[in-house]
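S.K.: Read off the chains here:
2 protein chains.
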Amino acid sequence: MEIISFLYLGMIRSILVSFILFCIMKAEAQQEDSLFIRRLSDEILTNSKAYENLRVLTKTIGPRLAGSANMVKSEQWGAQAMKVAGADNVWMQECMVPHWDRGGKDEAFALYGKNKKSLSVVALGNSFGSMKAIQAPVILVNNFEELESKKDSIKGKIVFYNYKFKPTFVKTFQGYGDAVRYRSQGASRAAKYGALGVVVRSISHSTDNFPHTGSLSYNDSFDKIPAVAIGLQDADWLSDKLKSERINVSIHTHGKFFPDAKGHNVIGELKGSEFPDEYITVGGHLDSWDNCEGAHDDGAGCVQTIEIIRAFKALGYQPKRTIRFVLFANEENGLRGGNKYADEAKAKNEKHLFALESDAGGFTPRGFGFTASADQFAKIKTWEPLLAPYGACELSIGGGGADIGPLNRALGTAVAGLQPDSQRYFDYHHAANDTFEAVNKRELELGAVNMAALIYLVDKYGL
Amino acid sequence: MEIISFLYLGMIRSILVSFILFCIMKAEAQQEDSLFIRRLSDEILTNSKAYENLRVLTKTIGPRLAGSANMVKSEQWGAQAMKVAGADNVWMQECMVPHWDRGGKDEAFALYGKNKKSLSVVALGNSFGSMKAIQAPVILVNNFEELESKKDSIKGKIVFYNYKFKPTFVKTFQGYGDAVRYRSQGASRAAKYGALGVVVRSISHSTDNFPHTGSLSYNDSFDKIPAVAIGLQDADWLSDKLKSERINVSIHTHGKFFPDAKGHNVIGELKGSEFPDEYITVGGHLDSWDNCEGAHDDGAGCVQTIEIIRAFKALGYQPKRTIRFVLFANEENGLRGGNKYADEAKAKNEKHLFALESDAGGFTPRGFGFTASADQFAKIKTWEPLLAPYGACELSIGGGGADIGPLNRALGTAVAGLQPDSQRYFDYHHAANDTFEAVNKRELELGAVNMAALIYLVDKYGL
Chain A
1 MEIISFLYLG MIRSILVSFI LFCIMKAEAQ QEDSLFIRRL SDEILTNSKA
51 YENLRVLTKT IGPRLAGSAN MVKSEQWGAQ AMKVAGADNV WMQECMVPHW
101 DRGGKDEAFA LYGKNKKSLS VVALGNSFGS MKAIQAPVIL VNNFEELESK
151 KDSIKGKIVF YNYKFKPTFV KTFQGYGDAV RYRSQGASRA AKYGALGVVV
201 RSISHSTDNF PHTGSLSYND SFDKIPAVAI GLQDADWLSD KLKSERINVS
251 IHTHGKFFPD AKGHNVIGEL KGSEFPDEYI TVGGHLDSWD NCEGAHDDGA
301 GCVQTIEIIR AFKALGYQPK RTIRFVLFAN EENGLRGGNK YADEAKAKNE
351 KHLFALESDA GGFTPRGFGF TASADQFAKI KTWEPLLAPY GACELSIGGG
401 GADIGPLNRA LGTAVAGLQP DSQRYFDYHH AANDTFEAVN KRELELGAVN
451 MAALIYLVDK YGL
Chain B
1 MEIISFLYLG MIRSILVSFI LFCIMKAEAQ QEDSLFIRRL SDEILTNSKA
51 YENLRVLTKT IGPRLAGSAN MVKSEQWGAQ AMKVAGADNV WMQECMVPHW
101 DRGGKDEAFA LYGKNKKSLS VVALGNSFGS MKAIQAPVIL VNNFEELESK
151 KDSIKGKIVF YNYKFKPTFV KTFQGYGDAV RYRSQGASRA AKYGALGVVV
201 RSISHSTDNF PHTGSLSYND SFDKIPAVAI GLQDADWLSD KLKSERINVS
251 IHTHGKFFPD AKGHNVIGEL KGSEFPDEYI TVGGHLDSWD NCEGAHDDGA
301 GCVQTIEIIR AFKALGYQPK RTIRFVLFAN EENGLRGGNK YADEAKAKNE
351 KHLFALESDA GGFTPRGFGF TASADQFAKI KTWEPLLAPY GACELSIGGG
401 GADIGPLNRA LGTAVAGLQP DSQRYFDYHH AANDTFEAVN KRELELGAVN
451 MAALIYLVDK YGL
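Chains A and B supply the protein sequences, listed in that same order. Residue 320 in our numbering sits at position 320 of the first sequence; the count goes up by one each step and never skips. Residue 140 in our numbering sits at position 140 of the second sequence; the count goes up by one each step and never skips.
Source of the hints: derived by calculation from the structure; they are not laboratory data. It should be emphasised that the depicted structure is a prediction, and the values quoted were computed from it without experimental measurement. Be aware that one or more of the hints could be misleading.
Note: identical chains are not told apart, hence a pair may lie in one copy or across any two.
[Claimed, not checked] With a Cα cut of at most 16 Å, we get these calculated EDC-like pairs of lysine to aspartate or glutamate:
no., residue 1, residue 2
1, Lys-164, Asp-42
2, Lys-166, Asp-42
3, Lys-192, Glu-148
4, Lys-381, Asp-33
5, Lys-117, Asp-236
6, Lys-166, Asp-236
7, Lys-171, Asp-42
8, Lys-166, Glu-148
9, Lys-460, Glu-28
10, Lys-59, Glu-437
Working from the sequences, and respecting the hints, build out all of it.
M.R.: The structure is reproduced here in structure tokens:
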């Protein structure tokens, strides 16, 4: 009995000692992480090149849709910027990209009585131009249900989808998810009933009159009719006017596809010291719509990505795992860059541990959303206190990024998306006011701080 | 023994039943609160008048410094807006306010060799004008320590305080707290050593060249020398140029005080149904600096305050306690409104349960900071899950507002401040770019949502 007690006490003692040692080590590790993340933050908030890089990308190159001459310029800029930031290795990963071109100035008019009012419109991406101006009576529908109920009145008309971005979603991406089907499917669903064209209320809750483009998807079973987005002030004017007047709308657009062009993902690397064959990817997409500077979408994600290289090098941080910094090609109207990256990773049987994308604007960070296993997420959750002081205090399940989705689907790689505050995003998204001036320097930098911190933690602890 | 067991079991049963009932009631209450806050959010995000009210205040009235004609106009506007929003009762609480006037256009030039460069400056609030232009060699000091070490070289010079807003504070109000002493004390500390004037680097981390005003405090022991703030680009230019050249600076300012003027706190009320003699206060300050529209500082807080009245009335919410909505007078250069409000509350022996101020800009909400007892804060902390979905997920100790500070000090009232995201605040604070256009509609509204929710919870549960 006494020997057992003695053994038992010995066991308790050794368990206690182990536990205390574990606690001390854990506390020390947390302390070390906390200090390193503070250094990252200080470095980026003091010496960041992200804002100046964004100025160069948006102001000296500007719009950079897949297949355009500016796409090529932006790829060259991206490779050079990564080298300057200190990447060990920079290369171009070739992929063929669609080449849609707007072809000219989009125009639309409302004609009523003897009046003619110019409407603030932009052709939807991937839409086929009317080529010559078309004119027809306009018919307003508030949603697809109304379209169906009016299907016998659609033939020969221009359909005006006036579905409103719901203001009650606090997280505005939910409002976007709710409304975007009118942009993506509206043309073909109206063409099915004989419409000649569609005017779609911009997927935005802005207070201005900028029209917001974005891609549509034609259904090959129906005519590929012209489609424009209309600014919200004009949408409200049109819907109001239609209560009392018959209105014809004319549309003149010029969009068409050229043969696929050669594009590239721009990739920089910091080689891992312990596990060089394990990859962590962080990126944004380099292409933008052709009607804007693409500052929030997604110049911000690109320069934040490059900033992480610079900050790691400035602090002499040598990653354990190989970190890939990727400026993806063609997110907006094809996703060829993201698909190529995943295809090649799979073909080479690469081990991809984690991928992070910033493609929700250069706004103040609020958190990250993860698509990961329960075990992985449980581990990630323990990092919340380390990130919270820098703004990304909400680590939640659900999220990623369009360009890293293929990697998740092909290899099961855990993915995450930076979640900046979303209140202003759809004021600018795919509209001419998505300019450098719409990005705040510190908000952009804090996004990079949180991204760098998360990459550091994944690199150090694995997933 | 069996009887005791029986009694004992009975006790356990009744405790269990009570506990389960308590849990059910608590869950139901939380559910009810959650639903009501959702209704508040939906109402405000859909029908808010805050943004339109802000437009009227900033664009049709504009700057409204204490003692100015616009102060009077803004008080009339505020009273009317509260009536329209549905306050039971609206009145003006008179208080005498200081009347400082800029008196003309502030000017400064750098003179070096044969060159003359205009500097972007604005006289500091409460500063005495130079009246005629003064000119003297400029001496740069980076901080007060340098001033002391150079004290024998100050006489007859203009001191240029080039203390930089520290970028490494993630919460920018800490950076402001660190740097603002150069604005408030710089003039007198330089005058002590015989300086003729001071140029203070604007207390900002902006990327532009707007100078930022704000009040200084003269020490009556020394000459009251002229003082201007300088835009950051010009501050950098000046400090750079001074490395290689001797520069004279000329300053011409015109500020002076007139006799105190009659001002007012504008107060609206929703009468309590159960405890009409217990008061909850919510407000912002109506005055602004004279060089800007005062949209973030503090038009935002005023229109959010008025919006809470509108939203409560729209939902038919009848408060238990009396809620006072206050647009305070003269926060910027005197705090007479806040002092008056507290003095009168004390004189009337009113019971003030809680006061909330929004005076940190109309940006996306991140939390509230409280000055309250440990017990009160423990209770408040239980509300965190109710507020988190609307952005104010950080309830922390420390905070309040300049105008409600006197109430806390006089009566021990628990106070809190809305804490919006602070990254952009000091880009606009007290500068000409603090305009309506710098405020985002949804961010402004979300602030009101969170404020309304907090007021609802305090009203319902007390503190």
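S.K.: For each hint, tell me whether it holds in the structure or not.
M.R.: Each hint, compared with the structure:
Only between protomers do Lys-164 and Asp-42 lie at most 16 Å apart by alpha-carbon distance; the minimum there is 15 Å, versus 42 Å within a single protomer. With identical chains, the CA atoms of Lys-166 and Asp-42 are at most 16 Å apart between copies only, with a shortest distance of 10 Å across copies and 39 Å within one. For the homomeric pair Lys-192 and Glu-148, the shortest alpha-carbon distance inside one copy (10 Å) is at most 16 Å, but the shortest distance between copies (81 Å) is not. When the C-alpha separation of Lys-381 and Asp-33 is checked against a cutoff of 16 Å, the pair qualifies only within one copy, where the shortest distance is 15 Å, while the shortest distance between copies is 28 Å.
Taking the closest pair of Cα atoms, Lys-117 and Asp-236 come within 16 Å of each other only inside a single copy of the chain (14 Å); across copies the shortest separation is 49 Å, beyond that limit. For the identical chains of this complex, Lys-166 and Asp-236 are intra-copy neighbours only, at 15 Å inside a copy versus 46 Å across copies, given an alpha-carbon limit of 16 Å. In the homo-oligomer, the alpha carbons of Lys-171 and Asp-42 lie at most 16 Å apart only across protomers (13 Å), although the nearest pairing inside one protomer, at 29 Å, exceeds that limit. Proximity of Lys-166 to Glu-148 under the C-alpha cut-off of 16 Å is found in neither arrangement, the shortest distances being 21 Å within a copy and 59 Å between copies.
In this homomeric assembly, Lys-460 and Glu-28 come within 16 Å of each other (Cα to Cα) only inside a single copy, at 14 Å, whereas the closest approach across copies is 44 Å. Taking identical chains as interchangeable, the C-alpha atoms of Lys-59 and Glu-437 lie at most 16 Å apart only when both belong to the same chain, with a minimum of 10 Å there against 22 Å between chains.
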